[in-house]
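Given only the sequences and the hints, what does the whole structure look like? Please build it.
These protein sequence lines map, in sequence, to chains D and E. Per the working numbering, residue 1075 is the first one in the first sequence, and the count goes up by one each step. Per the working numbering, residue 17 is the first one in the second sequence, and the count goes up by one each step.
Because the hints were derived from the structure by calculation, they are not lab data. We treat Cβ as the ideally placed atom computed from N, Cα and C, and that holds for glycine. Keep in mind that the hints are not guaranteed to be accurate.
[Stated by the list, open to error] In silico DSS-like cross-links for lysine-lysine, where the CA-CA straight-line distance does not exceed 27 Å:
(1) E:Lys-19 to D:Lys-1557
(2) D:Lys-1820 to D:Lys-1785
(3) D:Lys-1815 to D:Lys-1797
(4) E:Lys-136 to D:Lys-1557
(5) D:Lys-1796 to D:Lys-1815
(6) D:Lys-1736 to D:Lys-1815
(7) E:Lys-136 to E:Lys-19
(8) E:Lys-312 to D:Lys-1416
(9) D:Lys-1372 to D:Lys-1243
(10) D:Lys-1736 to D:Lys-1873
(11) D:Lys-1544 to E:Lys-19
(12) D:Lys-1416 to E:Lys-136
(13) D:Lys-1796 to D:Lys-1873
(14) D:Lys-1815 to D:Lys-1739
(15) D:Lys-1913 to D:Lys-1739
[Claimed, not checked] Pairwise CB distance ranges, derived in the manner of DEER restraints:
(16) E:Arg-206 to D:Ala-1520: 47 to 57 Å
(17) E:Asp-157 to D:Arg-1480: 49 to 59 Å
(18) D:Gln-1547 to E:Thr-162: 41 to 51 Å
(19) E:Ser-203 to D:Ala-1520: 32 to 42 Å
(20) D:Asp-1300 to E:Asp-157: 33 to 43 Å
(21) D:Thr-1194 to E:Glu-251: 56 to 66 Å
(22) D:Glu-1234 to E:Leu-111: 33 to 43 Å
(23) D:Thr-1194 to E:Asp-297: 22 to 32 Å
(24) D:Lys-1409 to E:Asp-297: 16 to 26 Å
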Amino acid sequence: MQNWDQLQKVLIIGSGPTEIGHETELDGATVQILTEFKKHGVRTLVIDNNPFSVALEEIQPTNMYVQAVTTANVRHILEKDQPDAILPTLGGLRGMRIAQELQENGDLGRYEVAVLGMPTSTLEQINNPAALNATLKEIHEPVIEAQVVQTEDEALGLVEAIGFPLIVKPVAPRVDTNRTICENVDDMLTALSQGFQQSRFDQCTLERSVVGYKEIEMVAIRDRVDTELLISGLENVDPIGIHSGDSIVLSPPQTLNDREYQDLRDATFRIATELNVVGILHVHFALNPANQHFYVTKVAPYFTRGVALAARTVGYPVAIVTGELLLGQRLVDVKLPSQYVKQTAIMEPMNDHISVRIPLWPFQEVPDADQHLDTAMKAVGSTVGIGRSVEEAMLKSVRSSQFSPRDVLPSVSNLTDGEMISQLIHPLANRILVLIEALRRGYSPAELSELTKIDPFYFVKLQHLLTIEKQIQENPLDVATLKRARYYGFGDGMIARIWQTDTAEIRRLSTEAAIQPTYKMIEPTAGEFPEDASGYYSTFEYENESQPLGDRTALVLGRGGNQLGPNSAAEYFTTEMLKQLKRAGYHTILMNTNPNAVGVAPEFSDKQYVDPIQLGDVLNVIHVEHPDIVIVPGNRHYLTRELKKRHLNLHVLPPDQETVDKLPKMATIGVSLFVHEQEKVAIGVMDLIAPGMTQNLAQITAFRMPAELPKATRLNLVEQAKKAVSERQVRGMVQVLFAPKNATSKQLVCVGTRPIRLTEMAFLSKVTGINWVRMLTRQHIETLDADELAAIKIDLNSKRVALMNAVFPFQQLHVLNRPGTTDQEVGATIAFGSSEALKLNNLSDTAELDRIINRTI
Amino acid sequence: MAKRYLILEDGSAYAGEGFGAGATTSGEVIFNLNLLGYQETITDQIYHNQIIIFAQPAIGNVGINHDSYESILPTAKGMVVRDLTNISTNRLSRLSLDEFLQQHNIPGISGIDTRHLIRKLRQAGPMKGSIVDVADAHAFDQLNATVLTNRQVDQVATPKPYPNPDTGKNVVVIDFGLKHGILRQLSERRCNVTVLPWTASAQDVLNLDPDGVLLSTGPGSPLDLGTGVLDMIREVQAEIPLFAIGLGHELFALANGAELTALPVEYHGSSHPIRRIITNDVIYATQGQGYAVLAKSIDRDRLITTYVDLIDGTVQGLRHRDFPAFSVQFFADGAPGPHESRDLFDEFMEAMTSREG
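So this is what it looks like as C-alpha cells:
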C-alpha cells in the first residue's frame, strides 16, 4: 500500500466459526483493530459467519456481511462495495488462502484492491511452502528440505548431507501412509523399499528429522519503515513431534541462554524484513538442544494463538498497535490509550512474571478420539497461569485446567510401570500428570528427559513441587508450611484436601498468619515505568499493587479455557455482559484464565485478574475489591454453591442449568420468550433441528427462525408458550418446547420449558438485532424498564430467514463423522436469506444443511 | 538454605534465603531489566561494587556455561532474585549458579520481592545496601559507615598488557573493565589484539603501531579517572581510528569537551528504542549506564551525535568531525542482549581499512 492517506474502506476477512486451531482470539483481535480503524475514519467491512462473533456486534449492519468466508463471497463484496484494501491476517490460514486466490485470479487487480499487512509476493510464499523455503534459504535461514529420490543409490548419496535421524515418506502414496523415522542406513533401506512400492511414482522424499528438538516460537512486530521489536518468545515444554497447540507453553522461554534467544530473535527480524511484513510475525523454530543449531519450521505473518498468548501475558497491546501500523503509522508515532506509558508501543517488552499455558482437550466429550498427542492439534482451548516462579505459574495453570475442576489434582497412581513408560514415550492428554507420577516413582530428571526429550529443568521444577507437597503432608496445619505452599502456587483446595479440612480453615489460618496474596500488574516494562495497566495476577510477596476500584463494582467470573459445548457462545455472552455492566455505570472486574478470550481485552472491563477461577482465588479477589455484585457462569455448580454460603450478592448468569425441571426427550419447535415481571416478550418461533437424527433434545444443534409453519400456527404457539410460563416462576430468557402430539399426528403440544441456551441466545440476538444478553444483564442489575420492554416489536413472521448450524470437531479428531450433540459443539455458522434460499427439503440431510449454510451468495 | 537479609540505606530490610557465598557484602544497589543473560550480567565488570537486583524472576535456569563469561573473575557484590533454580543438569553446563557464586565469594539472596524493590529504587534513586545474616542496628551502622570506593577501574582492569593474537588488523584495546563480548567481536573479525592497562600513555599505544584503538567498557564514574587518560585519547584519536564503548564513550566525550551528567537512576536494560540518526531507524541494545553525556554540552564543531535514546533522550553515540573516531554508550557486542548494533564493529573495521587505502 503506497498511498496510506487514500485508504478509506477496508474489508476484514473474518475467521469463521471456532474450530480446533482457532477459537475466539481472532475475533478479539478483530474487535481491537476495528476500533483503531474507526478512530482513523476508515470504514471497515467484515465478512464472517460466526454467530458468536463480538466483532459483528461492533459494526453497522451495512458494513457486515454475514456470509460463509469463501473466495467467491469475498470477491462478490469486492465487486459490490469496492473496498480499497482487504485485511487477510485476522482470518487465519484461510484468510491468507483467500487473499492469494483473489490475487491469482486477478480480482485484486481488477477491483484495484490492496492487501494490508504484506506484499502479494509474501502472500504467495505463505501459501507455497516451496517458494517460502527458497526465500529463507536465500537469506541463509536454515529450513528442513525434503529431497525426492528414485533409487537407493540416490538416497545413500544424500545420507551424509541430511544426517540421521531422517524421515522417509512415499511421494503420492496409493494408501494412507505414515512418515518413517530412520535412525540408520538399514532403517532407511527398509523404509525406502516399502515407500517405493507405495508411491504412485516410485519415489520417496528424504528429510532431516527434528523430532525431539526444542520448539521455540517468536512473536515480533514490524512497521513499514522496518522498525522491529520482539513481543515475546514462547517455549514449548514438549519437543518437536507434539503440536505446539497441544504442548504446555511458557513465556518467556526458560531454558535458553541469551545467545540462543538472541539468535532466534535475529532470525525472526531477518524473516520479517525479507517478507516485508507490516504488523505481526509469528515464527516457529526447531532448536537442537545439543549444538544450538536451529531450523525455521513455520512462518505465520498473521494472528495466531501464539500472538494472543504473547499479547496477553506480556501486556503489550499487540492488536491496537497492529491496527495503527496497518494504516501506515510507524512504531515511533503510535499513540496508545492513556493507561499505557507514552512510548510503550516502541519499547521492547520486558516481563517480571512467568506465564504458563496449558491446553484443554475434548476427549471427555469425544471419547473415541485417539488421545495420543502428535503433530496434529487436538486441543480446543487453553488456560494460563501467571506467577513469579515457574512452579507458581505452572501450578496455577494446572489448577485452571480440566484436570482440576475443584482445585484438587487427580493422581494417575493406578498406572502400571509399563503403562507409565509407554505414556512417557507416547504421551496422552494427561501428560503432565504422568510426568508428576514418574517423578513420584523415583525417576530422575535426567532419565525422564532422555525418555521424553523435555528439558530436565522442568523436571527439577516439578520435583520441587513434590518436595513441597511432601512438606504439606508431613506438617498438617503448620503455618510456615502453608506460607511456602501458597508461595509456590498451591491452591487452598489442594492444601485443604491434603490436610483433610476445608478451605474455610485454610483461609482462617492464612488470615491469622497474614499470608495474604499480593497482586502484581501485568505490564510490559518490568517495573521500569509507572504503567497504569488493568491486568493483574496474584502472588505472595511484599507489595500489593491492586487498589480496589471503588464504588459500584461488578466482579464477573469467566469460564476459563475454551472446551467443547457452548463455550465460544459463552465468551460472546461474557463480553456483551461486561459491556452492559459498564454502560450501566458499574466498574467491571473480570476474572479469567483463557488467553484467547475476547473479554480479557482491557477495552471490555476496567480490571482483569488472571488467576484460577477456584474458590480460594475468587475469595481473595473479593477480599480486595469488595464487589457489589458477583456474577458466576452457570456451569460452575460447586463454586456457586460455596460462594452462596458467603452471603454475597451473587448472580448466576446465564442462569443455572440445575434449576430446570425435567426436560422432554424430543422437541421440534421452540418459542423463545423474555419474561420480566408481568411482561412476556415473544422473541421468536424456531425450528429445532437435529441434523441427521430424530429430534432428540441433546442432538438439536441447528436452528431456523422463523419456523416453517403457517403464520397462524406460529401465533398460536406463542400464546400457548406465554400461558405455559405464566403458570410458573420463571424470569429472563426461556424457551417453551413443542413437539408433535404423537407419531401420527402433526398437532404440536407443549412438552417443556428450559432456559435459553447460550448458543441460541447469540443466535436470537443476531436474528432480531436486539442484544438479549444485555437485556438479561439489565434485568439482573435492575435497570430494565417494563415499559421499554413492552414497546419492543418483533416481527415473528419475518420474510428474512436465519439458519444456524453447529460445527463439530470430528473430522479434525479423525473420528467417524456423525450427528453431534450439544456437548460436542466446537462452534457454529449462521446464514441469512429468503425462505426459498434457506429451504431445507429434508431436515435430517446434514450435507444439504451444510451446503445451504455455507452457500455462495 | 539460610535465612538472610537485604538491608538498604533507607532503613528497610527484606528477608530471603541466602545462596552462593555466605559473605556479608555492601555495595550500591541497582537493578537490571534484561530478560536473559544473568551469567553475562554477573560477570560484567561494570557491576564492580554493586548489588544487582534482577527483574526477571527465574534465575539460574541454565546454570553457568563456558561461553557466557564476560569476565573470568566476577566482582559484583551480590545478586538479589525472586526465585533461584540451582540446576547443574543443563545440557550446556556443569556448574550451577550457586556453586559459581560460592567459588567467587559472591552472596545471593532469593525469595525477594524484586519488583517492589525496582519500583522503589526507580523513585528513590541510588542507594547503598548489604546482604547480611542479621538485620540489626549493628548491620545498619556498618552499612551507613561503608564508604564505597571510587577506584573501581583500578580494581578490575588489567594491570599488565596481554595479547589476544590473530592474523588480521592490529587493534589495541584499552581496558577499563573490559567485557569479553568486545574481544569476541574482534576475534570474529580476526583482529590481532593487544589489551593495554587503562593507564597506558599515547606513546605506549602508538608504539604498538595499531590499525585501530578501542576504549572499553568499565565500572564507575569517568570523572574519577583523572585527566591523563583524556590526554591519551586526544592524542591517539588524531592518529588512529578509534572506537569507544560504555565508559570509553564517556571518556571520549570528556576528551572532546563534552560534559557528563549523573542519571537519577542507573539504567540497565535493553528495552529502549535507540534512534540511529544517520539512517533514522530504530535499534535495541543492552544499555548499562549511570552517567550520560549532556547533550547541550556537546561542541558541535568537534562532535556529532549519532545515536539517541528515544525514551529518556540520552545521547547514545558520538562521532568526531575531523577524525575517524566514534563511540556508543550502549554495549555494541550484545552479550547479553540484542545483536543489531554489532555492525558497529564492522564500521570500526572499515575505518581501519580505509585509513590504509
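Hints versus structure:
1. E:Lys-19 to D:Lys-1557: This hinted pair holds, its Cα atoms lying about 15 Å apart.
2. D:Lys-1820 to D:Lys-1785: holds (16 Å)
3. D:Lys-1815 to D:Lys-1797: holds (18 Å)
4. E:Lys-136 to D:Lys-1557: holds (25 Å)
5. D:Lys-1796 to D:Lys-1815: holds (19 Å)
6. D:Lys-1736 to D:Lys-1815: Judged against 27 Å, a Cα distance of about 18 Å means the pair holds.
7. E:Lys-136 to E:Lys-19: With Cα atoms ~23 Å apart, Lys-136 of chain E and Lys-19 of chain E stay inside 27 Å; holds.
8. E:Lys-312 to D:Lys-1416: holds (24 Å)
9. D:Lys-1372 to D:Lys-1243: holds (20 Å)
10. D:Lys-1736 to D:Lys-1873: violated (34 Å)
11. D:Lys-1544 to E:Lys-19: Judged against 27 Å, a Cα distance of about 21 Å means the pair holds.
12. D:Lys-1416 to E:Lys-136: holds (21 Å)
13. D:Lys-1796 to D:Lys-1873: The hint holds at about 23 Å.
14. D:Lys-1815 to D:Lys-1739: Holds: Lys-1815 of chain D and Lys-1739 of chain D sit about 13 Å apart, inside 27 Å.
15. D:Lys-1913 to D:Lys-1739: holds (26 Å)
16. E:Arg-206 to D:Ala-1520: 47 to 57 Å: Once the Cβ atoms are compared, 40 Å apart, the range 47 to 57 Å for Ala-1520 of chain D and Arg-206 of chain E is violated.
17. E:Asp-157 to D:Arg-1480: 49 to 59 Å: holds (53 Å)
18. D:Gln-1547 to E:Thr-162: 41 to 51 Å: This hint holds: roughly 45 Å between Cβ atoms.
19. E:Ser-203 to D:Ala-1520: 32 to 42 Å: For Ser-203 of chain E and Ala-1520 of chain D the Cβ distance comes to about 34 Å; the hint holds.
20. D:Asp-1300 to E:Asp-157: 33 to 43 Å: With Cβ atoms ~56 Å apart, the hint is violated.
21. D:Thr-1194 to E:Glu-251: 56 to 66 Å: holds (58 Å)
22. D:Glu-1234 to E:Leu-111: 33 to 43 Å: Once the Cβ atoms are compared, 36 Å apart, the range 33 to 43 Å for Leu-111 of chain E and Glu-1234 of chain D holds.
23. D:Thr-1194 to E:Asp-297: 22 to 32 Å: Hint holds: Cβ distance 25 Å, inside 22 to 32 Å.
24. D:Lys-1409 to E:Asp-297: 16 to 26 Å: At roughly 20 Å between Cβ atoms, Asp-297 of chain E and Lys-1409 of chain D fall inside 16 to 26 Å, so the hint holds.
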